[in-house]
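Asks: Residues per chain, in single letters:
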Amino acid sequence: MDVGAIFQAAFALVVGLDPGFLGIVFLSLRVTLTAVLIAALIGLPLGAALALARFPGRAAIIVCLNALMGLPPVVAGLAVFLLLSRSGPLGPLGLLFTPTAMIIAQVILVLPIVIALTRQVIEDLWGEYRDHLRSVGLEGLRAIPTLLFDGRFALATALLAGFGRASAEVGAVLIVGGNIAGYTRTMTTAITLETSKGDLPLALGLGLVLLSLTLAINAIAFGASRIGARYAG
Amino acid sequence: MIALPRRSVLAAGLFLGLTGVALAQAPAAPSGERFITVASTTSTQDSGLFNHILPLFKAKTGIEVRVISQGTGQALDTARRGDADVVFVHARAQELKFVEEGFSTERRPVMYNDFVLIGPKADPAGVAGTKDIVAALKTIQEKAAPFVSRGDKSGTHAAELNLWKVAGIDIAAQKGPWYREIGQGMGAALNTSGAMGAYVLSDRATWISFKNRGDLVISVEGDKRLFNQYGVMSVNPAKHPHVKVNDGKLFADWLTSPEGQKAIADYKIDGQQLFFPNAGQAGA
Amino acid sequence: MLSATSILPLTVEAAAFSGDGKLLVEPNSFTIPAGGLTVLLGPNGAGKSLTLRLCHGLLTPSRGAVRWAAGAEGRAKRHAMVFQKPIMLRRSVEANITHALAAAGANSAERKARAAQALQRFGLAERASQPARLLSGGEQQRLAIARAWALRPELLFLDEPTSQLDPAATRQIEELLSGLVAEGITVMMSTHDLGQARRLADRVLFLHRGRLVEDAPAKDFFAGPHSAEARAFLAGELLW
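Protein chains in written order, with our numbering: chain X, 611 to 843; chain Z, 164 to 447; chain R, 1156 to 1395.
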């Protein structure tokens, strides 16, 4: 297999605009972005609260979150699988082997990253802002909106880290999504499938497309945050 | 009261709004659509059979078939948990057990193909060309030639274990470093064999459609004991009341009908037929 | 600026503060009536900053009390504070002010109007939409004062407001502070800069090692300090 075949496969995928391929790309983005969005809505306020609150067991929670950042996707996938299986506690919802199940699994993967990095960012920012915010009467939870807004560029990086983890993983989405053609097949599960079919150029071509997409999203986010950071100083 | 900076509210609102729009426009399967979930094997998926026959079934009935492809053992477990409406696999003994346990009321034969022993062109065990799979396996074990086993409770794995037994070899006790269990699907096993210069048992359909053959060739084929029968079962609603019993039955009926059987026979790669319909055959 | 029910005088009653088991501020007592500029003077580590924080409420005294005039309890805070190193939010100059006003509960129209007024008053109107953190050090401190001013405090605390500025910017800030006093705002600031104290102070509180050593009108303090520590400090013999 030569390198040319890989690029040719990637090129054919992109230029051909095959609806099946576009569906896979769209589903991948939809699942991952939704998971990151949900993780952000939960994780940003929670991470900020964890940065500001002092309570017994806080250190233990922080250590656990840092450890969970390395949770193997397969384990997260398996846990969600057992939860959503018809024989599991949430079976009646009928969510196994759906995009929703994949989103749930990825939220579990992304959430610890978002919370842990948010805590770090907000704690640093609070150290800098504390005197002023307390002076104008913003203490405790009331300081969170200000800190989240002013930490937005650093927090964007935290969300990107979460996006990277979610978009690259295959273990969780494969287990809970089932890699159903046209329904739960994502870029990464398609790569797994093509590898097992022995079509390595196509698998690597898909990988190249995934890499380009990730690169594009990172570049956009980086550029936006640089421009924004220049604006906000 | 602390008012959020207005711009941040706007930005958050915009972001949520855009995401909402993106999600609303998602084309993937609206929930109102009629579909069934089929747990099947890697061979039917990796060989491309489903890509050929499912559109025909959908055109006729309007039912979308969502295929989860796993090893036969895993596919049966998926159905046992109630996560599939139909199972379509190839391990007769395990299928009959599934029916016996009451998870299905009926197993129906659909089609067959055969297993082939794949090995490196160099043929380190010197078994190429023989028709006797049992003798070939004995030689491989004696010479400790590298052999890749699926090791994943799939139909192919079950067939392989059975062949060792027929050869009079207690593989669990007699396996050495030459016997490598990888715990993965057919394609992965072929990829691994190619890389290690090992022998491997494969179903013919996956082999024909496999694209990364490298130095691998068919070493042994044509033995009657390499016969590989596929069967279909719809999950018993008495065990799992939520299963789509009617649509599941429709699919099983169609697979075994003349129309479905013809669709299976029509699937060819490079002029080679991959599966041979035999729904009517007694005892299959 | 002074309303009928003023929060002043501020009364500090034997307020002490300790940290890590050490007594950092001794139980000092003093009163800040309305009007004028009081300078907290003393060498580094004398407890000036801690005393300002105790008064502003950022720290709670370990003993003693900080009291405002009767009736000030439960009403909107009428005192503000400016810090040694200006704390600039990562927002525009204008948003830095509207944010503080929002925290104080002002509605949107009021925030806009009062921010515009403050920017005008402190010569920052042209900078309104610029990022605050890209201002020069002197401009940042000016914005910090404008932000505090916009809150309409009766009493303004400043902690070494010019210690990080060059002479020209220092001069500018000193003029601003004189203007605030003329406007009727009571100012209490710390400094270790004798010249600045001479230029600005109406009254001097001299602190040494956490203890309030002298409390006198500026004229009297500089003419003839009573304590040996203050004499040494005025003579330029830095005390620790």
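These are computed hints drawn from the structure, not numbers from a lab. For clarity, every value in this text was computed on a predicted model and none was experimentally measured. All C-beta atoms, glycine included, are put in the ideal place defined by N, C-alpha and C. Among these hints, one or two may not hold up.
Unchecked claim - A short, non-exhaustive set of chain X residues, derived as facing chain R with CB atoms under 10 Å:
id, residue
1, Leu735
2, Glu738
3, Tyr739
4, Asp741
5, His742
6, Leu751
7, Arg752
8, Asp760
9, Gly761
10, Gly774
11, Ser822
12, Leu823
13, Leu825
Asks: With reference to the structure, classify each hint as holding or not holding.
Replies: The hints, checked one at a time:
{"no.": "1", "hint": "Leu735", "result": "holds, 9 Å"}
{"no.": "2", "hint": "Glu738", "result": "holds, 7 Å"}
{"no.": "3", "hint": "Tyr739", "result": "holds, 6 Å"}
{"no.": "4", "hint": "Asp741", "result": "holds, 5 Å"}
{"no.": "5", "hint": "His742", "result": "holds, 4 Å"}
{"no.": "6", "hint": "Leu751", "result": "violated, 13 Å"}
{"no.": "7", "hint": "Arg752", "result": "holds, 8 Å"}
{"no.": "8", "hint": "Asp760", "result": "holds, 4 Å"}
{"no.": "9", "hint": "Gly761", "result": "holds, 8 Å"}
{"no.": "10", "hint": "Gly774", "result": "violated, 25 Å"}
{"no.": "11", "hint": "Ser822", "result": "violated, 32 Å"}
{"no.": "12", "hint": "Leu823", "result": "violated, 30 Å"}
{"no.": "13", "hint": "Leu825", "result": "violated, 27 Å"}
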